[in-house]
Amino acid sequence: MDIKERIAQANQEAVRHIIDSDPVWTGIMPAGEAVNGLEDRMITHCGPPIAYKDMVELHKRGMRNACLFEGWAKDTEEADAMLKAGDVKVVSALDHNTVGAGAGIITKSVAMWIVEDRASGIRAATFPAEGAKFQGGFNGWGIYSPEIAANHRFMREQIFPYINDMLQKRGGVAVKPILSEGFQMGDENHTRQTAADMIILKQCCMDLINMDWPSDVLKTVMGYFSQTPRMFHCLGQGAARSAALAASGTEYSTMVTAMGGNGVEFGIKVASLGDQWFTAPAPYLDGRYTSSRYTKADALPWFGDSCVVEAAGMGGLAAAASPITSLLRGDKLKESIAQTREMEKICIDKNHNFPIPNLDFDFLPVGIDIRLVLKTGISPVMHGGNFHKEGGMIGAGTARAPMECFRKALAAFAEKYR
Amino acid sequence: MIKVDNNDPRKKTVKVINIGLQPFYDEIVFQGVPALQLNWRPPVKQSKEVQDMLDMFL
Numbered sequence: 002m003d004i005k006e007r008i009a010q011a012n013q014e015a016v017r018h019i020i021d022s023d024p025v026w027t028g029i030m031p032a033g034e035a036v037n038g039l040e041d042r043m044i045t046h047c048g049p050p051i052a053y054k055d056m057v058e059l060h061k062r063g064m065r066n067a068c069l070f071e072g073w074a075k076d077t078e079e080a081d082a083m084l085k086a087g088d089v090k091v092v093s094a095l096d097h098n099t100v101g102a103g104a105g106i107i108t109k110s111v112a113m114w115i116v117e118d119r120a121s122g123i124r125a126a127t128f129p130a131e132g133a134k135f136q137g138g139f140n141g142w143g144i145y146s147p148e149i150a151a152n153h154r155f156m157r158e159q160i161f162p163y164i165n166d167m168l169q170k171r172g173g174v175a176v177k178p179i180l181s182e183g184f185q186m187g188d189e190n191h192t193r194q195t196a197a198d199m200i201i202l203k204q205c206c207m208d209l210i211n212m213d214w215p216s217d218v219l220k221t222v223m224g225y226f227s228q229t230p231r232m233f234h235c236l237g238q239g240a241a242r243s244a245a246l247a248a249s250g251t252e253y254s255t256m257v258t259a260m261g262g263n264g265v266e267f268g269i270k271v272a273s274l275g276d277q278w279f280t281a282p283a284p285y286l287d288g289r290y291t292s293s294r295y296t297k298a299d300a301l302p303w304f305g306d307s308c309v310v311e312a313a314g315m316g317g318l319a320a321a322a323s324p325i326t327s328l329l330r331g332d333k334l335k336e337s338i339a340q341t342r343e344m345e346k347i348c349i350d351k352n353h354n355f356p357i358p359n360l361d362f363d364f365l366p367v368g369i370d371i372r373l374v375l376k377t378g379i380s381p382v383m384h385g386g387n388f389h390k391e392g393g394m395i396g397a398g399t400a401r402a403p404m405e406c407f408r409k410a411l412a413a414f415a416e417k418y419r
Numbered sequence: 036m037i038k039v040d041n042n043d044p045r046k047k048t049v050k051v052i053n054i055g056l057q058p059f060y061d062e063i064v065f066q067g068v069p070a071l072q073l074n075w076r077p078p079v080k081q082s083k084e085v086q087d088m089l090d091m092f093l
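Protein sequences, first through last, are from chains A and X.
Numbering-wise (the numbering used here), the first sequence opens with residue 2 and increments by one.
Numbering-wise (the numbering used here), the second sequence opens with residue 36 and increments by one.
Be a bit skeptical, because a hint or two may be false.
[To be verified] Straight line, CA to CA, 30 Å or less: simulated DSS-like cross-link-like pairs of lysine-lysine:
#1 Lys409/A x Lys83/X
#2 Lys297/A x Lys134/A
#3 Lys83/X x Lys5/A
#4 Lys417/A x Lys80/X
#5 Lys333/A x Lys346/A
#6 Lys417/A x Lys50/X
#7 Lys351/A x Lys54/A
#8 Lys80/X x Lys346/A
#9 Lys83/X x Lys376/A
#10 Lys333/A x Lys390/A
#11 Lys50/X x Lys335/A
#12 Lys80/X x Lys351/A
#13 Lys83/X x Lys346/A
#14 Lys297/A x Lys409/A
#15 Lys203/A x Lys220/A
#16 Lys5/A x Lys80/X
#17 Lys409/A x Lys376/A
#18 Lys409/A x Lys80/X
#19 Lys177/A x Lys351/A
#20 Lys335/A x Lys80/X
#21 Lys376/A x Lys80/X
#22 Lys50/X x Lys333/A
#23 Lys346/A x Lys47/X
[What the hints assert, rightly or not] To give a feel for the contact side, a few chain A residues facing chain X, derived at Cβ under 8 Å:
#24 Ile8
#25 Arg372
#26 Leu375
#27 Lys376
#28 Gly378
#29 Ser380
#30 Arg408
#31 Ala415
Since the hints were derived computationally from the structure, they do not count as laboratory data.
The structure displayed is predicted, hence computed values, not measured ones.
Quick reminder that beta carbons are idealized off the backbone N, C-alpha and C, glycines included.
In isolation and in its complexed conformation, chain A is listed as follows (with noise of 0.2 Å):
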């Protein structure tokens, strides 16, 4: 067998390990048993490694935030001393099997959801949409305030416990028939899950119910399920980061596993070549801002590791799927599906789990190949929301993976198997 044919064998088993996985939402538990080695006095992050003193300000304070969290420091500067001597240790959330979605902030007494790819074995853990009013929060946007803190812990001490507990009784939930009715209903599942909220909703109500809770624990939580937007997000992105990690050290394989920003540098990482990162300058979004007031100089360039959604091919693949999300970016629906078509050109297969009404029914492009996005100068499409710099969101958009990843990546390749 030659080369060509290996690495076409080794893609299709990368990518069967998305197309076949089959992912769980199995239980909540701290992130200190949930996080393969999150240890003590360790912090994850956003993106590809990265120094606490090269970090933007933003990361920098969600870091410091998180040491107050944990009562590492009793204030922010004792954190930042603490941080800059290495006291506290920074690492990729990506480099674990987690994402980090946002900021990326994790330690290790927050409360983590655990995905569980059945085809697999593999758990992915995400850190848990934060409620309706505190949405963001410090995990997601570095900010902090003693209600934000307050907020996680309730979640963690006075929520998740019961929730963890009908997930326990009800043998989980399946995610992805989830995923792909709400494909069907709108969502391209990362910039929107208005369908997939209301699906779980609709699923786990009466397990809820007959939980035989006392009425005011039922209220929380059914207030937690029915009032958090974006719950959903938390379930995909573990879904994608599970297949990521059963897909992750393919020898041969050129499908990339993982995406992800920290506001300075954006890296991709690819089945073959392990932990390995192939990073650039992390490029702008372009989009629509919530105000006239805001411009692109507020704004961060690409922070966060949602786009681990795309990689699984969802989101910016799965633009056809969402016509309001077009609205949202500033595109017409045509648009939008010229974008799937064209993601189809780099992608190594298509996933017959998720078939889409805006393409005739015709299954969403998955499998991310590096060879075919340097051969068709076409870069993978990521929607995201889009941070000021200061924190907190500020509009939404598409940003592309940089050009500089994939041809670093093909060298390492090269490298590896010439």
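Chain X: place on chain A using the hints.
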């Protein structure tokens, strides 16, 4: 009697295939002219190093 010149381009129905940027196509359609947008882009020019790797692996 006026002689009609059937070769006069102004008397013919224009049909357009646009190979250029999408806005040209949009503008033509906006004016009620039948048009097709060809999904085409110039071949990508690679550096020799990248081209050599693509030749080897793709």
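Hint-by-hint comparison with the structure:
Taken as a hint, the Lys409/A and Lys83/X pair is honoured in the structure, with Cα atoms around 14 Å apart against an allowance of 30 Å. A distance of roughly 27 Å separates the Cα atoms of Lys297/A and Lys134/A; the hinted pair therefore holds under the 30 Å criterion. A C-alpha spacing of about 19 Å is found between Lys83/X and Lys5/A, which places the hinted pair at or below 30 Å, so the restraint holds. Taking the CA atoms of Lys417/A and Lys80/X, the gap is near 25 Å; set against the 30 Å cutoff, the hint holds.
Proximity of Lys333/A to Lys346/A is assessed by CA-CA distance (about 21 Å); at most 30 Å being required, the pair is judged to hold. Among the hinted pairs, Lys417/A with Lys50/X is inconsistent with the structure: their alpha-carbon atoms are about 53 Å apart, more than 30 Å. In summary, the hint linking Lys351/A to Lys54/A is not supported, as the alpha carbons are separated by about 42 Å, beyond the 30 Å threshold. At roughly 17 Å between alpha-carbon atoms, Lys80/X and Lys346/A fall within 30 Å of each other, so this suggested pair holds.
A threshold of 30 Å between alpha carbons decides the hint, and for Lys83/X with Lys376/A the separation of about 12 Å falls inside it, so the pair holds. Restraint check for Lys333/A and Lys390/A: the C-alpha separation of about 29 Å stays at or below 30 Å, so the hint holds. Taking the CA atoms of Lys50/X and Lys335/A, the gap is about 21 Å. The hint holds against a cut of 30 Å. Note on Lys80/X and Lys351/A: the hinted pairing holds, with a Cα-Cα distance of about 27 Å set against a maximum of 30 Å.
For the proposed pair Lys83/X and Lys346/A, the alpha carbon gap of about 22 Å is at most 30 Å, so the pair holds. Distance restraint check for Lys297/A and Lys409/A: the Cα-Cα separation of roughly 28 Å lies within the 30 Å cut-off, and the hinted pair is therefore satisfied. The suggested pairing of Lys203/A with Lys220/A holds, with an alpha-carbon distance near 16 Å, which does not exceed 30 Å. Note on Lys5/A and Lys80/X: the hinted pairing holds, with a Cα-Cα distance of about 22 Å set against a maximum of 30 Å.
A hinted pair counts as satisfied when its Cα atoms are at most 30 Å apart, and Lys409/A with Lys376/A qualifies at roughly 14 Å. Proximity of Lys409/A to Lys80/X is assessed by CA-CA distance (about 17 Å); at most 30 Å being required, the pair is judged to hold. Restraint check for Lys177/A and Lys351/A: satisfied, since their Cα atoms lie roughly 15 Å apart, inside the 30 Å limit. The straight-line distance between the Cα atoms of Lys335/A and Lys80/X is roughly 28 Å, inside the 30 Å bound, and the hint therefore holds.
Distance hint between Lys376/A and Lys80/X is fulfilled; the C-alpha atoms sit about 9 Å from each other, no more than 30 Å. With a C-alpha separation of about 24 Å, the suggested pair Lys50/X and Lys333/A falls inside the 30 Å cut-off, and the hint holds. A C-alpha spacing of about 38 Å is found between Lys346/A and Lys47/X, which places the hinted pair above 30 Å, so the restraint is violated. Contact between Ile8/A and chain X, as hinted, is supported at the beta carbon level, the nearest pair being about 6 Å apart and thus within 8 Å.
Here the hint on Arg372/A is kept, as its CB sits about 4 Å from the closest CB of chain X, short of 8 Å. Against a cut-off of 8 Å between C-beta atoms, the interface hint on Leu375/A holds, since the closest Cβ of chain X lies about 6 Å away. The closest approach between the C-beta of Lys376/A and any C-beta of chain X is roughly 6 Å, which is under the 8 Å cut-off, so the hint is satisfied. This hint holds: Gly378/A has a C-beta 4 Å from the nearest C-beta of chain X, less than the 8 Å allowed.
Proximity of Ser380/A to chain X is violated relative to the hint, the smallest CB-CB distance being about 11 Å (cut-off 8 Å). Because the closest C-beta pair between Arg408/A and chain X is about 6 Å apart, less than 8 Å, the hint holds. For Ala415/A, the interface hint holds, the least distance from its beta-carbon to any beta-carbon of chain X being 5 Å, beneath 8 Å.
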